[in-house]
Amino acid sequence: MIRVEKLHKTFGTGTRARPVLHEVDLNIAQGTIGAVVGPSGAGKSTLARCVNLLERPTSGRVWVAGTDVTDLPERDLRHARRAIGTVFQSANLLRRRTAAQNVAMPLRYLGVTAREEKRRVAELLERVGLTDRADDYPAQLSGGQRQRVGIARALALRPKVLLSDEATSGLDPAATRSVLALLRELRTDLDLAILLITHEMEVVREVADTAALLREGRVAESGPVHQLVADPHSALGNALLPDRPVSWDRPGLGTWRLTYQGHAVPTDWLTRLGADHGLDVHLLSATVEEIAGRAAGRATIAVGHDRADELTAALDGWGIHAEPLPEPLPESLPGPLPPDHSARAEEPAASEPASEAAAETAAETVV
Amino acid sequence: MSTDLDKLWPLLFPAIGQTLQMVAAVMVIVVAVGTPVGVVLHNSSPGALFPHRALRATLSWVVNLGRSLPFLILMAAIIPFTRYVAGTTIGVSAAIVPMSLAGIPYFARLVETALREVDREATEAGRAAGGSRLQVIVSVQLAEALPALVGSLTIAIVGMLEFSAIAGTIGAGGIGYLAISYGYERFDTTVMTATIVTLIVMVQVIQFTGDRIVRRLAH
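So the protein sequences, as listed, match chains A and B. Under the UniProt record's numbering, the first residue of the first sequence is numbered 1, with each subsequent residue one higher. Under the UniProt record's numbering, the first residue of the second sequence is numbered 1, with each subsequent residue one higher.
Check each hint, because a few of them may be wrong.
[What the hints assert, rightly or not] Pairwise CB distance ranges, derived in the manner of DEER restraints:
id, chain 1, residue 1, chain 2, residue 2, range
1, A, Asp-135, B, Phe-208, 47 to 57 Å
2, B, Leu-134, A, Gly-143, 28 to 38 Å
3, A, Pro-173, B, Ala-32, 47 to 57 Å
4, B, Ala-32, A, Glu-185, 33 to 43 Å
5, B, Ile-73, A, Glu-216, 55 to 65 Å
[As the list claims (entries may be wrong)] Take a look, some chain B residues computed to stay more than 12 Å from chain A by CB distance:
id, residue
6, Val-28
7, Ile-29
8, Ser-60
9, Val-118
10, Ala-122
11, Arg-127
12, Arg-133
13, Gln-135
14, Val-136
15, Val-140
16, Ala-145
17, Thr-198
18, Leu-217
[To be verified] Here are the simulated SDA-like pairs of lysine to any residue, each with C-alpha atoms no more than 25 Å apart in a straight line:
id, chain 1, residue 1, chain 2, residue 2
19, A, Lys-6, A, Arg-120
20, A, Lys-6, A, Val-112
21, A, Lys-160, B, Ser-132
22, A, Lys-160, A, Arg-96
23, A, Lys-118, B, Ser-132
24, A, Lys-118, A, Leu-26
25, A, Lys-6, A, Asp-76
26, A, Lys-118, B, Lys-7
27, A, Lys-6, A, Thr-32
28, A, Lys-160, A, Glu-74
29, A, Lys-160, A, Asp-172
30, A, Lys-118, B, Ala-122
31, A, Lys-160, A, Tyr-137
32, A, Lys-118, B, Leu-134
33, A, Lys-160, B, Ala-122
34, A, Lys-160, A, Arg-120
35, A, Lys-160, B, Leu-142
36, A, Lys-118, B, Val-138
37, B, Lys-7, B, Glu-185
38, A, Lys-160, A, Ala-29
39, A, Lys-160, A, Arg-119
40, A, Lys-160, A, Gln-140
No lab work stands behind these hints: they were computed from the structure. By construction, the Cβ of each residue, glycine as well, lies at the ideal position given by its N, Cα and C atoms.
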């Protein structure tokens, strides 16, 4: 369990004081992955460093695996750190040590016997699928393999808590997927509480159980990922499952923005609207994905104004949230109008990486 | 005037021995003291293992002090101190005092520079893995910087060879003394040439060996 309560962190003192974190609350249970996302400079890394005790909070409390680690004296911090495995961006392996020697590092510091060390290192390398690369130096490994070595090293002392600070940044998409799959596997097999610091929305979408959005040192929003994507007004939900731009040229039709999530929603709702309800549905844009093990979708559709009541009734029955989008401005207005800005301007702006992520997934998911 | 070649060897051989003796003794002291000083210089800087502004400023000032005087002047200036430590102001043991005093800050700066090249994240990973500061210094910082440290050692040995030659001018013995007393004061071209060739060969051998080791350490 990782628990952070009213965490404040300020660097410097007096006039040069630079507050980085304000009143940050965070809770990650065993067997779950909690993501902290946010733009760079939001304080994500500082939060990570406060959790793995490389940095002392200015005020507030931090619990790791049931222990309050906030006020531990320096010599106990070292022992407390052993209960936390940290996976760093770019793995931070020692370049002059082999994969096996890197994994052995925490065991050496602890002072286990040579036999125990050998046994445990073999076990860990097997766990991350790198038994055959034990004697390779980091320079001989790919980025994804290096990160696996980093994960094996973080697991060496059987921590209950794993902290991943941008562990997949800088990896190619295939390596990212394999590292994330490994983290998901470890979460379940070892019942780990994993704090995942990232700026990549697709990473959150792929593995996180809960997510918190950090903005200017404050938690702007947090919650279980499946709830966030089901909430049409959640900034984080919108960033996770962004709306696609819509063209507005639909005279006589009402436009609706749909948000849904969960097993209750039939996957064939779109055809059923036509077959069972006789509705003439125009699908303008849609994103459908499996998030946290459940289908989640966003869609913009257009239906004749006279059929609005039937539409909302049908959608309500399936648990699909629907809200009408404002009418497009009359064409008589001077000058060309950008097609989608009037609607999107009201929505909370998605952060930079989210739109990148959206662009990437768009090709696969737009129906 | 010029020494016969058959008389040259009896002059040169003991001189080389004295020089090697001086450099070896000084390097033991310089490495033993300079390495910890370099480690503290590096790790007392902001963001390192034990940031400490006052400690770093003081140590840095002292190190700069030791590096700011030309060796010849330092050597002459500390003669009373040398007499106090070594009991004499001439000979090999007397030369070791100023050479160490000049060599320690020199090597400390080289160590500091070598450690600065080690990724800060590697140090961080060591701490996150539950290592004590000493464990992290030894197994992460010094171990990762080993090739650079061997390079620093090579530079320091060549530097000490040069200092030993300068020390020779005030009676420390060795090749420097030979060059001054025979080559310079007696215009003995043979001895002068021999000392120059000897120094060149020594520096080349030291540098070649150092480079070989660095290459073997690189991964």
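These are the hints, each one checked on the structure:
A beta carbon spacing of about 30 Å between Asp-135 of chain A and Phe-208 of chain B contradicts the range 47 to 57 Å that was offered as a hint. Between Leu-134 of chain B and Gly-143 of chain A the beta carbons are some 32 Å apart, a value that agrees with the proposed interval 28 to 38 Å. Checked against the hint of 47 to 57 Å, the C-beta distance between Pro-173 of chain A and Ala-32 of chain B comes to roughly 52 Å, which is consistent with it. The hinted window of 33 to 43 Å between Ala-32 of chain B and Glu-185 of chain A is violated, with their beta carbons roughly 50 Å apart.
Range check, Ile-73 of chain B to Glu-216 of chain A: about 57 Å between beta-carbon atoms, so the 55 to 65 Å window is met. Every Cβ of chain A is farther than 12 Å from the Cβ of Val-28 of chain B; the closest lies at roughly 25 Å, confirming the non-interface assignment. Its beta-carbon lying about 27 Å from the closest one in chain A, Ile-29 of chain B satisfies the requirement of being farther than 12 Å from that chain. For Ser-60 of chain B, the requirement that its beta carbon stay farther than 12 Å from each beta carbon of chain A is met, with the minimum near 22 Å.
Under the 12 Å C-beta cut-off, the non-interface status given to Val-118 of chain B relative to chain A is violated; the minimum distance is some 9 Å. Not every CB of chain A is more than 12 Å from the CB of Ala-122 of chain B (nearest about 6 Å), against its label as outside the interface. Interface exclusion of Arg-127 of chain B from chain A breaks down, the closest Cβ pair being 6 Å apart, not more than 12 Å. For Arg-133 of chain B, the shortest C-beta to C-beta distance to chain A comes to about 9 Å, within the 12 Å cut-off, and the non-interface label is violated.
Annotated as non-interface, Gln-135 of chain B brings its C-beta within 12 Å of a C-beta of chain A; the closest such distance is 5 Å. Distance check on Val-136 of chain B: its Cβ comes as close as 9 Å (rounded) to a Cβ of chain A, failing to clear the 12 Å threshold; non-interface status is violated. Distance check for Val-140 of chain B against chain A: the nearest CB is about 6 Å away, which does not clear 12 Å, and the non-interface claim fails. Look at Ala-145 of chain B: its CB is around 9 Å from the nearest CB on chain A, not clear of 12 Å, so calling it non-interface is violated.
Remark: the non-interface label on Thr-198 of chain B is consistent with the geometry, its nearest Cβ contact in chain A lying 36 Å away (cut-off 12 Å). With a cut of 12 Å on Cβ distances, Leu-217 of chain B falls inside the contact zone with chain A, its closest approach being about 8 Å. For the suggested pair Lys-6 of chain A and Arg-120 of chain A, the alpha carbons sit about 38 Å apart, so the restraint of at most 25 Å is broken. For the proposed pair Lys-6 of chain A and Val-112 of chain A, the alpha carbon gap of about 38 Å is over 25 Å, so the pair is violated.
Restraint check for Lys-160 of chain A and Ser-132 of chain B: satisfied, since their Cα atoms lie roughly 21 Å apart, inside the 25 Å limit. In summary, the hint linking Lys-160 of chain A to Arg-96 of chain A is not supported, as the alpha carbons are separated by about 29 Å, beyond the 25 Å threshold. For the suggested pair Lys-118 of chain A and Ser-132 of chain B, the alpha carbons sit about 22 Å apart, so the restraint of at most 25 Å is met. Straight-line distance between C-alpha atoms of Lys-118 of chain A and Leu-26 of chain A comes to about 37 Å, which puts the hinted pair past the 25 Å bound.
Restraint check for Lys-6 of chain A and Asp-76 of chain A: the C-alpha separation of about 23 Å stays at or below 25 Å, so the hint holds. A threshold of 25 Å between alpha carbons decides the hint, and for Lys-118 of chain A with Lys-7 of chain B the separation of about 63 Å lies outside it, so the pair is violated. Proposed proximity of Lys-6 of chain A and Thr-32 of chain A is supported: the alpha carbons are some 21 Å apart, at most 25 Å. With a CA separation close to 21 Å, the supplied pair Lys-160 of chain A and Glu-74 of chain A stays within the 25 Å bound.
The hinted pair formed by Lys-160 of chain A and Asp-172 of chain A fails the criterion: a straight-line CA distance of about 28 Å is larger than 25 Å. At roughly 22 Å between alpha-carbon atoms, Lys-118 of chain A and Ala-122 of chain B fall within 25 Å of each other, so this suggested pair holds. Taken as a hint, the Lys-160 of chain A and Tyr-137 of chain A pair is broken in the structure, with Cα atoms around 28 Å apart against an allowance of 25 Å. Distance hint between Lys-118 of chain A and Leu-134 of chain B is fulfilled; the C-alpha atoms sit about 24 Å from each other, no more than 25 Å.
About 23 Å separates the Cα atoms of Lys-160 of chain A and Ala-122 of chain B, which keeps this hinted pair within 25 Å; it holds. Between Lys-160 of chain A and Arg-120 of chain A, the direct Cα distance comes to roughly 17 Å. Compliance with the 25 Å bound is thereby established for this hinted pair. Simply put, Lys-160 of chain A and Leu-142 of chain B have alpha-carbon atoms about 31 Å apart, too far for the 25 Å limit, and the pair is violated. As the CA atoms of Lys-118 of chain A and Val-138 of chain B are separated by approximately 21 Å, the hinted pair is consistent with the 25 Å bound.
For the hint linking Lys-7 of chain B to Glu-185 of chain B, the alpha-carbon distance of about 18 Å falls within 25 Å, and the restraint holds. Using a Cα cut-off of 25 Å, the hinted pair Lys-160 of chain A and Ala-29 of chain A holds, with the two alpha carbons roughly 10 Å apart. For the suggested pair Lys-160 of chain A and Arg-119 of chain A, the alpha carbons sit about 20 Å apart, so the restraint of at most 25 Å is met. Proposed proximity of Lys-160 of chain A and Gln-140 of chain A is contradicted: the alpha carbons are some 31 Å apart, above 25 Å.
Of the numbered hints given earlier, the model fails hints 1, 4, 9, 10, 11, 12, 13, 14, 15, 16, 18, 19, 20, 22, 24, 26, 29, 31, 35 and 40; all others are met.
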